[in-house]
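K.L.:
Spelled out from the first residue to the last, the chains are:
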Amino acid sequence: MACIEAHGLRKSFGKNLALDGIDLRVDDGRIVGLIGPNGAGKTTALNAMLGLTPFQGDLRVLGRNPWNERDLLMRDVCFIADVAVLPRWIRVCNAIDYVAGVHPRFDRSKAERFLSKTSIRPASKVRELSKGMVAQLHLALVMAIDARLLVLDEPTLGLDILYRKQFYDSLLNDYFDRNRTIVVTTHQVEEVQDVLTDIVFIDRGRIVLSASMEEVESRFAELMVSPSNLEPARALKPVQERQALGRTILLFDRVDRARLSALGDARTPSIADLFVAIVGNRPQGSVQ
Amino acid sequence: MNTTSNTMPDSPAGSHDVAATTATPTRPFFWSLQRELWENRSLYIAPLAVVALLLFGFVLSATVGIWQRPLHIDPTQTPEKLADPYGFAALFVMGVAFIVGIFYSIDCLYGERRDRSILFWKSLPVSDLITVLSKAAIPMVLLPLFSYLLTVAVQCFMLLYSTLVVAASGQSVAMLWSKVHLFRMSSDLLYHLITVHMLWYAPIYGWLLLVSAWARRAPFLWAFLPPLGIGVFERFTFHTTHVSALLHYRLGGPESAAPVKGHEAMGSAFSIDPGVFFSAPGLWVGLVFAALCLAAAVRLRRYREPI
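Just so you know, the sequences run in chain order A and B. Here the first sequence is numbered in my numbering, starting from 1 and rising by one per residue. Here the second sequence is numbered in my numbering, starting from 1001 and rising by one per residue.
If you're looking for bench data, these hints aren't it; they were derived computationally from the structure. Just so you know, even glycine gets a beta-carbon here, dropped at the ideal spot from N, CA and C. Keep in mind that a hint or two might mislead.
Said to hold, decoys possible - Simulated restraints on C-beta separations:
(1) B:L1037 / A:R64: 30 to 40 Å
(2) B:S1042 / A:L162: 31 to 41 Å
(3) A:D174 / B:F1030: 25 to 35 Å
(4) B:A1218 / A:G39: 21 to 31 Å
(5) B:E1234 / A:G39: 44 to 54 Å
(6) B:E1305 / A:R88: 13 to 23 Å
(7) B:L1247 / A:S116: 53 to 63 Å
(8) B:Y1044 / A:K125: 12 to 22 Å
(9) A:K125 / B:R1184: 42 to 52 Å
Unchecked claim - Derived EDC-like pairs (lysine to aspartate or glutamate); straight-line CA-CA distance at most 20 Å:
(10) A:K125 / B:D1115
(11) A:K117 / A:D97
(12) A:K117 / A:D169
(13) A:K165 / A:D82
(14) A:K237 / A:D273
(15) A:K110 / A:D174
(16) A:K237 / A:D265
(17) A:K165 / A:E191
(18) A:K131 / A:E154
(19) A:K131 / B:D1115
(20) A:K125 / B:E1036
(21) A:K125 / B:E1305
(22) A:K125 / A:E112
(23) A:K15 / B:E1305
Chain A extracted, bound-state conformation:
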């Protein structure tokens, strides 16, 4: 069964179309990166999936309509909407008590084990913690919930690189297994690159690319060419061309790797470069 299935998902705020007919399928056990520029509709899409906002079109999460069946859905779905949404007045131990009290699938000992590896004291209030520690606390609470879908919206925004790395390490090593699905949005594409199994590029309310990492590897190639090989390479119709350190780098979609290798150094592009090539190349409309 698909964890998330959307057909023609639309959402508008007044005249502004935030989601313009999204078709998406996320299978169980995937880690999907939802990547897009500011205002692309990432958060709106996540909010629709979490039943936080009404929508048009067809959307099923774990087989349920998230808006109509939100209360039931929230037993199987967890999310970190943003850093800094934990109430500042709450004590760490009270936060654990509360989640243990209301969530039937919360494993208290797991949260406490995770927290014991950090420098967070149970008696501290959230307002006394650093931003990184708040993110750790939130992650500890969420990871101790036996949920089937975890949604992370910019979970590491504003954290330093050590916390960011630790965050994704914990997520992969202590939490993820084949039965869970994770959907994550982030601007720090480089850091999630090795974590993801699938990527979805979204721009101005539409999905521009939806592919597994294997597909990305087989479809896209980046070629670094010397000036003499530039013209034959251009003949293969690159998606994008850019200059780096005096060399020209061309990005190809669905061009045979062997033909490219003959012209220069071919490799799989990074997600960040791919994103710039695909989303950055789209003609910018007058309306964001």
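Since the structure of chain A is already known, use the hints to place chain B on it.
P.N.:
Just chain B, lined up with the frame of chain A:
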């Protein structure tokens, strides 16, 4: 491991009570109340502070101050005089609880949107209905009950202390106890709290919670200015006072419209005949209004995003 069933067969800790409690909404409700008390400590600190002040004043006065004379018990003295401080204590505690409840109601659904913590609360399986009901229960149920218990405790202390003072000054303790009807006072108080603070004021709290769920900014102004504004508008335009009369009727309590059937003892000012009270259309209209406000607040909380 992640099957759709709601029981957790392979969870090591507490799987039994988990399975037993998934179906009941009482657990999320209880924990929602608990978190309100964690967040809003003024709910109990303010009444306790007032009580501390009251007791200090009473001890001082019973020992040396202005009520020294009443403690010289005189058989011809009216019981009201002796019972005055007890009535004051009850009034003060109720008054503070009422004010605390007003401020709490205005802020509770607005504050969670302002500090964005609503996104955290909504990430847990607690429905909007349970959240709003738990927030409504604080001013409508918990605060009146708390002020009752607090007042009774204060009155007991006051009577015990008076007894000591009276006995020490060689007067008749029996006389004191025959004039102060502790049980009558506390049962009158409970009746007053249930009829007025829980039922009669319910639409006030309902309105405030609705504004709190709706306002994007300045919920305090939105709560008070529209009713006042409409009243002023009516007065200037139509030269009538229906709106302000309605507000006065609601705030003043059911007695402000219905004549009080006099108990002769202390606490009579609080009491309205049950038959009169429960047959007043104002009560039922108010309760329906409160229910509508809460239903609207539940709905708004579903749609509202952080501000």
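K.L.:
Taking the hints in turn, state whether each one holds.
P.N.:
Hints, verified against the model:
1. B:L1037 / A:R64: 30 to 40 Å: Check passed, 33 Å falls within 30 to 40 Å.
2. B:S1042 / A:L162: 31 to 41 Å: Once the Cβ atoms are compared, 39 Å apart, the range 31 to 41 Å for L162 of chain A and S1042 of chain B holds.
3. A:D174 / B:F1030: 25 to 35 Å: holds, 30 Å
4. B:A1218 / A:G39: 21 to 31 Å: holds, 28 Å
5. B:E1234 / A:G39: 44 to 54 Å: holds, 46 Å
6. B:E1305 / A:R88: 13 to 23 Å: This hint holds: roughly 19 Å between Cβ atoms.
7. B:L1247 / A:S116: 53 to 63 Å: Since the Cβ atoms of L1247 of chain B and S116 of chain A sit about 56 Å apart, the hinted range of 53 to 63 Å holds.
8. B:Y1044 / A:K125: 12 to 22 Å: holds, 18 Å
9. A:K125 / B:R1184: 42 to 52 Å: 45 Å Cβ-Cβ, so the 42 to 52 Å window holds.
10. A:K125 / B:D1115: The hint holds at about 15 Å.
11. A:K117 / A:D97: Satisfied, since the Cα-Cα distance of roughly 19 Å is no more than 20 Å.
12. A:K117 / A:D169: holds, 14 Å
13. A:K165 / A:D82: holds, 17 Å
14. A:K237 / A:D273: holds, 17 Å
15. A:K110 / A:D174: holds, 10 Å
16. A:K237 / A:D265: Since the Cα atoms of K237 of chain A and D265 of chain A sit roughly 17 Å apart, the hinted pair holds (cutoff 20 Å).
17. A:K165 / A:E191: With Cα atoms ~7 Å apart, K165 of chain A and E191 of chain A stay inside 20 Å; holds.
18. A:K131 / A:E154: holds, 14 Å
19. A:K131 / B:D1115: Cα-Cα ~15 Å, so holds.
20. A:K125 / B:E1036: Distance of about 15 Å is within 20 Å: holds.
21. A:K125 / B:E1305: violated, 25 Å
22. A:K125 / A:E112: holds, 16 Å
23. A:K15 / B:E1305: The hint holds at about 19 Å.
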